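55 is the number that the numbering used here gives to position 55 of the sequence shown; each next residue is one higher, with no gaps.
Be a bit skeptical, because a hint or two may be false.
What the hints assert, rightly or not - DSSO-like, lysine-lysine: derived pairs with alpha carbons at most 27 Å apart: (1) K58 x K114; (2) K219 x K58; (3) K170 x K110; (4) K192 x K132; (5) K18 x K31; (6) K170 x K55; (7) K100 x K110; (8) K12 x K129; (9) K192 x K31; (10) K55 x K24; (11) K100 x K124; (12) K58 x K228; (13) K124 x K114; (14) K283 x K55; (15) K165 x K96; (16) K124 x K55; (17) K228 x K283; (18) K165 x K219; (19) K110 x K58; (20) K114 x K100; (21) K124 x K58; (22) K31 x K55; (23) K12 x K24; (24) K129 x K100.
Calculated directly from the structure, the hints in this document are not laboratory data. Predicted model, so just to flag it, every value in this text is computed and none were measured.
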Amino acid sequence: MINGVLLLDKPKNISSNKALYIIKKKLSPKKAGIVGILDPLASGMLPIVMNEGTKLAKYIENENKEYLVTAKLGYTSTTGDGEGTIIAFKNSTSFKFTKKSLQEVVNKFKGIQKQIPPMYSGLKVNGIKLYKLARQGISVKREPRVINITDLEVISLDNNEVFLKISCSKGTYIRTLVESIGDSLGTGAYTKDLRRIRIGSFQENEMISLDEVSENQHKIISLESITKNMLSISITDEQCRTLRYGQTIYTKIYENIDEIALKNSNSNLIGIGMIVNNHIHIKRLINFNE
Numbered sequence: 001m002i003n004g005v006l007l008l009d010k011p012k013n014i015s016s017n018k019a020l021y022i023i024k025k026k027l028s029p030k031k032a033g034i035v036g037i038l039d040p041l042a043s044g045m046l047p048i049v050m051n052e053g054t055k056l057a058k059y060i061e062n063e064n065k066e067y068l069v070t071a072k073l074g075y076t077s078t079t080g081d082g083e084g085t086i087i088a089f090k091n092s093t094s095f096k097f098t099k100k101s102l103q104e105v106v107n108k109f110k111g112i113q114k115q116i117p118p119m120y121s122g123l124k125v126n127g128i129k130l131y132k133l134a135r136q137g138i139s140v141k142r143e144p145r146v147i148n149i150t151d152l153e154v155i156s157l158d159n160n161e162v163f164l165k166i167s168c169s170k171g172t173y174i175r176t177l178v179e180s181i182g183d184s185l186g187t188g189a190y191t192k193d194l195r196r197i198r199i200g201s202f203q204e205n206e207m208i209s210l211d212e213v214s215e216n217q218h219k220i221i222s223l224e225s226i227t228k229n230m231l232s233i234s235i236t237d238e239q240c241r242t243l244r245y246g247q248t249i250y251t252k253i254y255e256n257i258d259e260i261a262l263k264n265s266n267s268n269l270i271g272i273g274m275i276v277n278n279h280i281h282i283k284r285l286i287n288f289n290e
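Taking the hints into account, I'd like the entire structure generated from these sequences.
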């Protein structure tokens, strides 16, 4: 059974759910899910957790992301990207920006800040997804969310198109960030192209295309790699059985830890635990026999 995460290189013009459907047809996992949905017009890293990997999805979801973005200046979009109605901005006759002057502007958007999610998003209000309301012409109040733009670099400038590399925290809407940059420039802007190239320590060269999935199952990221940055502790087979029976085990190594990876004598991940007063409690158990 395949346990882990497949880093799919999602192509443009298909939904993340469609990509998941194709992977399920190709690999037939018992369980599979998406971590961090990409819009249909976006491409790049789409983690698909499979079988026991689904239990570790949050450790991928909480990682920082990195994107390559093409921002189109001089226009706005009703959706913030090329899918919506494109409107020429009133001051879009000509631009006299340089790479340096643009970098000075975008630098203002680095750091911790609050961002209001767009109406065209999958967030729910009273159980209804916002984009469904937006398509009916309905706008509702959205609470701002704290995000962190850790890096924002102007790669190049070609007429009214700006190429950016953006590193950011979970929950950041790139479309909204680009609109804010356009407002600050006084030109308007929308996201013309978006590609996700990194999540946490997972790199672009680890991705697999839809066409290559069946022949490259060896590239699927293991459970151990998903939790490689987490503190870990080795336990014996007998201690593992004790935990599986719902009991705790004593350790003198650590006193109190919120989350720790539990590994057997072969360094295989067997679960996620917590330590309270020198006793290991199981939080999430990996079942290799399922």
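Exercise for the section: Could you grab the alpha-carbon distance between K12 and K129 and see if it respects the 27 Å cut-off? Expected result: holds (22 Å)
Exercise for the section: Measure nothing beyond the straight line between the CA atoms of K18 and K31; if it is 27 Å or shorter, mark the hint as holding. Expected result: Since the Cα atoms of K18 and K31 sit roughly 16 Å apart, the hinted pair holds (cutoff 27 Å).
Handout entry: Given pair status - K58, K124, alpha carbons within 27 Å
Key = Holds, because 19 Å separates the two Cα atoms, which is no more than 27 Å.
Exercise for the section: Would you mind confirming whether the straight-line C-alpha gap from K170 to K110 stays at or under 27 Å? Expected result: holds (15 Å)
Handout entry: Hinted pair K58 and K228, Cα distance within 27 Å
Key = holds (14 Å)
Exercise for the section: Decide if the proposed pair is consistent with the structure: K55 and K24, CA atoms, cutoff 27 Å inclusive. Expected result: This hinted pair holds, its Cα atoms lying about 17 Å apart.
Handout entry: Distance restraint between K192 and K31, which requires alpha-carbon spacing of 27 Å or less
Key = violated (34 Å)
Problem - Agreement of K58 and K114 with the hint, judged by alpha carbon distance not exceeding 27 Å - result: holds (22 Å)
Problem - Satisfaction of hint between K55 and K124, Cα-Cα up to 27 Å - result: holds (23 Å)
Practice task
Measure nothing beyond the straight line between the CA atoms of K100 and K110; if it is 27 Å or shorter, mark the hint as holding.
Solution key: holds (16 Å)
Problem - Proposed proximity, K55 with K283 (alpha carbon, max 27 Å) - result: holds (11 Å)
Exercise for the section: Could you grab the alpha-carbon distance between K228 and K283 and see if it respects the 27 Å cut-off? Expected result: Cα-Cα ~17 Å, so holds.
Taken one by one, the earlier hints fail for this structure at numbers 9, 11 and 24, listed in ascending order.
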